[in-house]
Amino acid sequence: GDQTLFSSAEKEFLASRRRVFNDAVVNFLSVRRSMMFVSVIFCMLALAVQMAVVPKAFESRRLWIEKSKIEVDGKVVRFHDFVTLSGQNWTDTNPEAWFQYTSHLYTGMFAKIISQTALMNILEACVDVACQLASCAYLWWALRKWSHFNQSHRGVLRGWAFSLLAPFLATLIPTRLFVEWSVLDPVVHTFASELSTHLGSHTDEIALSVNQACQQLLDSQKQGHVESAENMARKACGALTKTPNRHLKCCSFI
Numbered sequence: 001g002d003q004t005l006f007s008s009a010e011k012e013f014l015a016s017r018r019r020v021f022n023d024a025v026v027n028f029l030s031v032r033r034s035m036m037f038v039s040v041i042f043c044m045l046a047l048a049v050q051m052a053v054v055p056k057a058f059e060s061r062r063l064w065i066e067k068s069k070i071e072v073d074g075k076v077v078r079f080h081d082f083v084t085l086s087g088q089n090w091t092d093t094n095p096e097a098w099f100q101y102t103s104h105l106y107t108g109m110f111a112k113i114i115s116q117t118a119l120m121n122i123l124e125a126c127v128d129v130a131c132q133l134a135s136c137a138y139l140w141w142a143l144r145k146w147s148h149f150n151q152s153h154r155g156v157l158r159g160w161a162f163s164l165l166a167p168f169l170a171t172l173i174p175t176r177l178f179v180e181w182s183v184l185d186p187v188v189h190t191f192a193s194e195l196s197t198h199l200g201s202h203t204d205e206i207a208l209s210v211n212q213a214c215q216q217l218l219d220s221q222k223q224g225h226v227e228s229a230e231n232m233a234r235k236a237c238g239a240l241t242k243t244p245n246r247h248l249k250c251c252s253f254i
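So that you can map any letter, position 240 of the sequence shown is 240 in my numbering, and since no number is skipped, the others follow by simple counting.
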């Protein structure tokens with residue numbers, strides 16, 4: 001005959017409360033009850049994992065906000081002030097100081113954007129927790145109503161629906177609503193001003209003079225004028241001593 005998968009307590013409960021005496025039906029409801037119990041356990045484990053994500057999302061945003069603080073007295077830090085506040089034995093003409101200043105602003109710019117998009121991550125984490133909590137609640141309610149198949153079945157369906165709802169809710173909120181790009185304007189303007197000051201007020205003329213010096217250097221080498229070539233080389237190199245080679249990749253965002 002059919003294998004008995006229910007306990008005597010379950011059979012007695014169904015007989016006294018639901019007037020169910022058919023062993024096949026008792027088997028079905030008892031097995032279904034066990035499966036829902038396992039589902040509730042896994043649902044609660046998933047809820048615990050998702051709840052652990054929420055404080056991490058807040059902490060991540062806090063760190064990005066700290067990195068985005070590149071202002072002094074409400075204004076983007078100037079190169080001279082950065083050198084003073086660095087605590088390093090630098091001067092305003094030190095290439096390493098300029099590289100670190102550029103890296104500082106570069107990191108701050110990205111941090112200002114990421115700290116805003118981090119709000120989206122926090123919102124998604126909270127929505128995930130809320131939906132998972134609702135799913136667990138409905139599954140638990142369905143487990144409590146295991147002897148009432150119709151009510152229990154509706155609870156399972158609602159719990160399943162909430163488990164699928166969170167990803168769709170997250171996609172309905174445009175990320176651009178959380179991003180204010182105008183926060184980058186003061187950084188860009190400050191860096192452009194500091195770059196012009198650092199390299200000289202006439203950067204175009206300097207670049208042209210370096211190009212002309214290099215061309216004259218090549219011509220002097222061809223003509224065998226060693227002293228003239230050396231002077232041209234010093235002139236070209238002198239205009240580049242303020243900016244290290246590795247700085248080029250950091251100022252590309254301008």
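Do not rely on the hints blindly, as some may be mistaken.
[Stated by the list, open to error] Result set (DMTMM-like, lysine to aspartate or glutamate): computed pairs, CA atoms no more than 20 Å apart in a straight line:
| # | residue 1 | residue 2 |
| --- | --- | --- |
| 1 | K75 | E180 |
| 2 | K69 | E180 |
| 3 | K56 | E71 |
| 4 | K69 | D185 |
| 5 | K145 | E66 |
| 6 | K75 | E59 |
| 7 | K56 | E66 |
The hints are simulated quantities; they were obtained by calculation from the structure and are not laboratory data.
We went through each hint and held it up to the structure:
1. K75 with E180: OK: K75 and E180 at ~18 Å, within 20 Å.
2. K69 with E180: holds, 16 Å
3. K56 with E71: violated, 26 Å
4. K69 with D185: holds, 15 Å
5. K145 with E66: violated, 50 Å
6. K75 with E59: With Cα atoms ~25 Å apart, K75 and E59 exceed 20 Å; violated.
7. K56 with E66: Holds: K56 and E66 sit about 15 Å apart, inside 20 Å.
Checked against the numbered hints above, the structure breaks hints 3, 5 and 6 and satisfies the rest.
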